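One-letter residues, chain by chain:
2 protein chains.
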Amino acid sequence: MPENSTAYEPTERTVPSRNRRRASYDRELVHSILDEAYVCHLGFVRDGAPVVLPTLYGRIGERLYVHGSTGSRPARMADPGLAVCLTVTHVDGLVLARSAFHHSINYRSVVVHGTAHQVTDPDELREALDALVDQVVPGRSYDSRPANAKELAATAVLRLDLDEVSAKVRAGGPNDEPEDLDLPHWTGVVPVATRYGAPVPADGLDPAVAVPDYLTVL
Amino acid sequence: MPENSTAYEPTERTVPSRNRRRASYDRELVHSILDEAYVCHLGFVRDGAPVVLPTLYGRIGERLYVHGSTGSRPARMADPGLAVCLTVTHVDGLVLARSAFHHSINYRSVVVHGTAHQVTDPDELREALDALVDQVVPGRSYDSRPANAKELAATAVLRLDLDEVSAKVRAGGPNDEPEDLDLPHWTGVVPVATRYGAPVPADGLDPAVAVPDYLTVL
Numbered sequence: 001m002p003e004n005s006t007a008y009e010p011t012e013r014t015v016p017s018r019n020r021r022r023a024s025y026d027r028e029l030v031h032s033i034l035d036e037a038y039v040c041h042l043g044f045v046r047d048g049a050p051v052v053l054p055t056l057y058g059r060i061g062e063r064l065y066v067h068g069s070t071g072s073r074p075a076r077m078a079d080p081g082l083a084v085c086l087t088v089t090h091v092d093g094l095v096l097a098r099s100a101f102h103h104s105i106n107y108r109s110v111v112v113h114g115t116a117h118q119v120t121d122p123d124e125l126r127e128a129l130d131a132l133v134d135q136v137v138p139g140r141s142y143d144s145r146p147a148n149a150k151e152l153a154a155t156a157v158l159r160l161d162l163d164e165v166s167a168k169v170r171a172g173g174p175n176d177e178p179e180d181l182d183l184p185h186w187t188g189v190v191p192v193a194t195r196y197g198a199p200v201p202a203d204g205l206d207p208a209v210a211v212p213d214y215l216t217v218l
Numbered sequence: 001m002p003e004n005s006t007a008y009e010p011t012e013r014t015v016p017s018r019n020r021r022r023a024s025y026d027r028e029l030v031h032s033i034l035d036e037a038y039v040c041h042l043g044f045v046r047d048g049a050p051v052v053l054p055t056l057y058g059r060i061g062e063r064l065y066v067h068g069s070t071g072s073r074p075a076r077m078a079d080p081g082l083a084v085c086l087t088v089t090h091v092d093g094l095v096l097a098r099s100a101f102h103h104s105i106n107y108r109s110v111v112v113h114g115t116a117h118q119v120t121d122p123d124e125l126r127e128a129l130d131a132l133v134d135q136v137v138p139g140r141s142y143d144s145r146p147a148n149a150k151e152l153a154a155t156a157v158l159r160l161d162l163d164e165v166s167a168k169v170r171a172g173g174p175n176d177e178p179e180d181l182d183l184p185h186w187t188g189v190v191p192v193a194t195r196y197g198a199p200v201p202a203d204g205l206d207p208a209v210a211v212p213d214y215l216t217v218l
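Chains as they are written, first to last, in the UniProt record's numbering: chain F, 1 to 218; chain P, 1 to 218.
Keep in mind that the hints were calculated from the coordinates and are not lab data.
Mixed in with the good hints, there may be bad ones.
Below, a sample of chain F positions facing chain P; criterion: calculated Cβ distance under 8 Å [said to hold, decoys possible]:
id : residue
1  : TYR25
2  : GLY43
3  : LEU96
4  : PHE101
5  : TYR107
6  : ALA131
7  : GLY173
8  : VAL192
9  : VAL211
Chain P regions said to be covered by chain F (calculated; three or more residues, Cβ under 8 Å) [to be verified]:
id : region
10 : 49-62
11 : 100-107
12 : 116-124
13 : 161-167
Since the model is a prediction, treat every value here as computed from it, not as a measurement.
In this text, a Cβ means the ideal position worked out from N, Cα and C, and glycines have one as well.
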């Protein structure tokens, strides 16, 4: 698919078996959900069984980069290519209905299917490492010592192209049954968000080093 | 393993290939990590490829229950049993080192391997549904209409026993190299936590219905 298309092409496995109205293939929506997070859950198959591990990722355009040491299992399995499913989820609210059955969560998620490949080009590896750092704290890669040759050699990065992708979003209030509307239970949504606390300097940091601006906007 | 053992028995696949010092099999630690969350990432294999979906879960003792409609893929595949990997992750902090290489995340995660089975016993199904609701908001199952026969029939719940389980924890400050300690970059940890906002009543809720106490302690 051309990268300037506004939507990803649905495939058999990116069309959900339930709640299809919540699915979206909109490229901007997918990017926005991915860019608000930095931890994904990466699934792969090992000895026929599923494995799901939390890991850091970064996005550059239509490519995701996933971090791992060269000793990690996904990295060792990624030559010549590892079938993966990469999932990112934000919880936005707790949905309390009058009926237990209609309790739910407001969320935004992205699921990416594809084959991950180990990055071997040195320039791409450096760009990917910057993207991984900047995904956590935008701008931070410019304010830290870049990886040296030894560190680059000890780092494995997998690339996963954004091709077979879907988003899923649930928003709004509870969907109670008409016959339940007079039940006496409180009903509504409890908003959920991520809170970033005041930065805590490391032991030994020179007190003259100020907290950088890019941390004050988190 | 006896359920009163203080630790889960490590297995070949619950011993991580890297950062082994971060791994733990302590039962109390595993329970505490599981009990602080309500969304897991459930991995399974479909047509030979991994699938990772976010979903709600609840814990009763050494059993996890995962929710799904009877039409959902994992539920349909869970008879007679579905190999799954269920992962729960809390992000506790952003670890900013002076070197890009030593950037990290403080986190607590639990990974459960096993075979999920569909719950067919009606009493167990009711208990599991209460556990799913109470995992999100402790005490809420007592303050909502229980599922009726039609809803129970439309709900599939999978059970996964806590048997092959590990936790992984990263805490503390950055681990910079000695030769980097005089670099001019700010270094430390940005704490990350979940923030619950003020409950938002659903449209049409009788204003006389007060926000329940169990929501004020979130």
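If you check each hint against the structure, which ones fail?
1, 6, 12 and 13
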